[in-house]
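Novice: As a plain string of letters, each chain reads:
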Amino acid sequence: MADPDLDFQTGESGASATYPMQCSALRKNGYVVLKGRPCKIVEMSTSKTGKHGHAKVNLVGIDIFTNKKYEDMCPSTHNMDVPSIKRIDYQLVNINEGYMSLMSDNGDIREDLRVPDNDVGREIETKFEAGDEFMVTVLSSFCTLEPL
Amino acid sequence: MMAAVGAPEVITQLESAAKVLMAPPSMVSTEQRQHAEHVFLSFRKSKSPFAICKHILETSKVDYVLFQAATAIMEAVVREWILLEKTSIESLRAFLLTYVLQRPNLQKYVREQILLAVAVIVKRGSLDKSISCKSIFHEVGQLISSGNPTVQTLACSILTALLSEFSSSSKTSSIGLSMEFHGNCKRLFQEEGLRQIFMLTMEVLQEFSRRENLNAQMSCVFQRYLALANQVLSWNFLPPNHILFATQNVTLKPTETWREALLDTRIMDLFFTVHRKIREDSDMAQDSLQCLAQLASMHGPIFPDESAQISYLAHLVEGLLSMINGIEIEDSEAVGISNIISNLITMFPRSVLTALPSELFTSFINCLTLLTCSFGRSAALEEVLDKDDMVYMDAYDKLLESWLTLVQDEEHFPRGCFVQPAIQVFNSYIQCHLAAPDGTRNLSVNGISSHDEEEINELQEDDRELFSDQLSSIGMLGRVAADHCIPLLTSLLEDRVTRLHGQLQRTQQHLMASSDLGSVDRKVLDDLYEDIHWLILVSGYLLADDPQGETPLIPSEVMEFSIKHSTEVDINTTLQILGSPGEKASSIPGCNRTDSVIRLLSAVLRTSEVESRATRASLTELLSPQMGKDIVWFLRRWAKTYLLVDEKLYEQISMPLSTAFGADTEGAQWIVGYLLEKVINNLSVWSSEAELANDTVELLVTLVEKRERANIVVQCESWWNLAKQFASRSPPLHLLSSSVQRSLMKALVLGGFAHMDSDTKQQYWAEVLHPLQQRFLNLINQENFAQISQEEAVKQEIVATLEALCGIAEATQIDNVASLFSFLMDFLSSCIGLMEVYSNTPETINLIIEVFVEVAHKQICYLGETKSMKLYEACLTLLQVYSKNNQSRKRSDATAEEDQYQDLLLIMELLTNLLSKEFIDFSDTDEVFRNQDQGTPASSRTVSAADVVLYGVNIVLPLMSQDLLKFPSLCNQYYKLITFICEIFPEKIPQLPEDLFKSLMFSLELGMTSMSSEISQLCLEALSPLAEQCAKNQKDSPLFIATRHFLKLVFDMLVLQKHNTEMTVAAGEALYTLVCLHQAEYSELVETLLSSQRDAVIYQRLADAFNKLTASSTPPTMDRKQKVAFLKSLEEFVANVGGLLCVK
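Protein sequences, first through last, are from chains S and W.
If you read the first sequence in the UniProt record's numbering, its first letter stands for residue 1, the second for the next number, and so on.
If you read the second sequence in the UniProt record's numbering, its first letter stands for residue 1, the second for the next number, and so on.
Incorrect hints may have been included.
[What the hints assert, rightly or not] Just so you have them, the derived chain W footprint on chain S, three or more residues with Cβ under 8 Å: (1) 29-39; (2) 47-57; (3) 112-123.
[Unchecked claim] Here are the simulated lysine to any residue pairs, SDA-like style, with alpha carbons at most 20 Å apart: (4) S:Lys56 - W:Glu621; (5) S:Lys28 - W:Leu434; (6) W:Lys795 - S:Thr137; (7) W:Lys795 - S:Asp119; (8) S:Lys86 - W:Glu843; (9) W:Lys523 - W:Ser580; (10) S:Lys56 - W:Leu735; (11) S:Lys51 - W:Asp463; (12) W:Lys1108 - W:Ala1080; (13) W:Lys61 - W:Ala23; (14) S:Lys51 - W:Gln503; (15) W:Lys795 - S:Val82; (16) W:Lys648 - W:Arg707; (17) S:Lys51 - W:Leu434; (18) W:Lys253 - W:His315; (19) W:Lys648 - W:Glu550.
Hints are computed from structural coordinates only; laboratory data are not their basis.
Quick reminder that beta carbons are idealized off the backbone N, C-alpha and C, glycines included.
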């Protein structure tokens, strides 16, 4: 379970995980799949080979889970995969052996997510121990924190 | 005199300190280093160190100590000047000179420093007349005549040091004397000393140029004197009663006393001779050519009359021609020669140029023509070789610029004298840009063509901007020789288009057989594209100008050309050629009887048609996006000038042009339709080429931004289809970049204000704007909007809507503002709601603020009171939400980049835009809204601009740290904003909370004292209204106290510091109002300043000047007339005593 990949893969059922988009229509701060990883686009530039060549798009993305950097280049007319990303807010009810109990707006409880092993995770634990009430935003099944 | 008692100890101490300073960093500690520095500093400050310094110079072996001793002498002489006996100064100077003469092996930096000390002594003494300058020139003259190269070099160093000291420039040493002193020295020097240096230099050059062969050492001396001559000729001559500070590219404007020296033809001849002798040495050639270029720039009182100027120029041109003719120009000569030509063409009046003997003038023009063509070819070669140093390109640019100057003044010259040269230069330009066999593009010297595909990034400018200066000149020359150039461009372009068409067809067949794109040889295609690229660029620059903000006119040469041939033209055939871009022009019967101007446009349309057909045949991948850009760029430039040509703007109009493109002509209608199809096709085919899409949508905006053109556009069915397609956000338009979408929206809105019957108009808006509103409302009113708002699809929809709103605001014109304002207002409040929803997405927040910025920017100046108030209210709410969200927002400040503060910049822009209404207001009586609302009475006014802006300032001020002011865009916007506020709402400033008030005052002071002059000026402008405000109110407010502080700052700035003269007016106005407010403090400042003067003469001059300054305005009152009088006196004051107190 240490691999956050699994969290991503099992996140949503039914909905397609990606959809195609023309490369030139991608935007900075938007999302794209680079080398099989869902990334947020942090840099986008174009270039061409020769004065009469067609535009190519150079993309730099940051993996939304691992923060690893990926780069890619493709003709601007090509289609790239864009990951479907969902954000759901849950209220944190409990932490049990490293797993969180999360309650959604409609009262459903899920207990399949670990407290992440990073700064956000530690912040969650500290806040929880301090008795704060707060929401946890789950991004396609992994955590980022938004204190309430 | 102080004996050298203890001298050995001092020397030992200095020498060990020098050792520390010279040691590598790892060997000594910082403290040791600082201590050593301190030793030297205090040594240089010691009283009368002359004896010990002499002793050091004579005994020490450490160069650095020698250097410091020289410096100490220089500083002490200046410091103790009045106390010293003139004879001892004289002997000191003699000692230093002899010292250097006797030690030829001194380190260069030590020698230069000692000579500097000599020069400073001479300069300091020159005004006292205590030390005669003449003696030093006499001595130097003797050194020169010694014939010993080492001694001659030394003499040159002395002269160079004198030149730097007297030039009163950045090279001059600071000796703690007033700028007036420096200026006076310089003025005296340029009448006497400088000319003597020049004459001495000429003697040396004369001597050397006579010698047959020079050894290395001699030619080194030669080079130094040549450089010195260049320095003299580049002297920035001071006009009387003026203290100028350094400017760049000084032209030669000597005073009358130089007549004998510089009008002597032997001097100019000498420089030509010198250049001939050394031209193969690239370093020296640069100096000799620069000397000639300075001589070619000579102007001013040196010429007693025009005939003197004419004979001077004639001699110069003769010399130049005989120098150039018969030699093969070296690479290192190109720039220098073009500078000579460019200077003489710019500096000599046309009447003098035309007064040259006609044969000489013709030879000159012919020579210039050949030179231009030759430099052009060499420049092309440089590009092929991808050289770093593009000397020929620079030289070519210079010459083309000179041609432009000449041709623009054509009416002064004999009729038609530039036609043949223009043809030659034009032809050679075209030739260099076309591929073989017609041209020589990419051919290296040995005739082998190179073709490499380099990576080009998006930052590289397009040729049309990169070479816009060259293209403007070539276009202008093309107009001068329109008879030749327009038909030439047409036939070349038609030929290339036919070939492109054939090549694409062949490639298509090849692809049907193999279907592998990789197997296509792109070389032939790329060559054709590059040819077409340049032909279209030149055609565009020839046929039309692109003036910003004005209606461009058809160039008179083009109009005359078309009129001249209109009798030979068959108008029907011309229209037929124009109307059938799909056919080969030459296949149309009678094609040689067409109007050439229309024919050239037709050739571009044929290019466009081949491109469009290729896209329909799925050959887009083979096409060149660059060529696509060129085509729409040309069509836009052309349409602005020619489409629906307005006959009222011209004295005479060509029949073919008015028949083809005039109002109510079939031709105009056809071409609008054609252009529209082109735009629509491009937007769907080229959505992946951002720049091409951008150029395309700009063409569309051009088509609809003029009502007359828009009227035709909206009659086209395809326009309506485009509108519907865009409104439904369906492919392919939604793939376009956001800036293109924004402009597209702008175009669609502009089109909506064309002439249509009311039903049609209603229908149009129903198609264009209502879907936008509907989709938006449907989305945000969904029950679960809060939940789905972060989904990508939803976000994209929101972003697209916001972009569209910006586009709509950009389309605002005076006659549509009423309806657009109402439409946009409905959105603004919903947008504020989105601020909460997207508080985590800065880019969306920025876009929301941008909508407000655009609405305020484009519309506020037209809005009447009630409408403005609505907008103010909306902006206030926006600011409130922004402020609330901002409190919880974290910014990663450590490595923050400018774009992280985009929101702050936008907020300031919004506030500035709101304030701008106070300056620019076109809304007299809500006239544009006449039938809409009958204005609510002013008493019910709820929100004022002041409320909004001050609320905004409350948010902005605490966020603007000094670090943020380092970002130029933030800094400029911030100061623009606070100046506006002080000017418009000075009464609100005292009401600010204390800390805000303090930080505002601090910002003003900071801006005044340590920012660019532009910002300093803004801050000064803010002070007058603040002072006036104070005068109206209580006298002990914090603002009153703050203005007292500003009085001192402005006073110091004007009187004591070297300030930018452009700022005198702003500073003067501020000073005057501050003086009115604080008269006692002002008197005190003047008193303090006067009492610090020890020199009685200066005291009196200053006291008189201060009296005169306020004489016309005593007692000072805030009265316009008095203020103007004060400003006038201030100007005199600065000219009179400004240099007295400003010390260097």
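Novice: If you test the structure against every hint from before, which numbers come out violated?
Specialist: 3, 5, 7, 9
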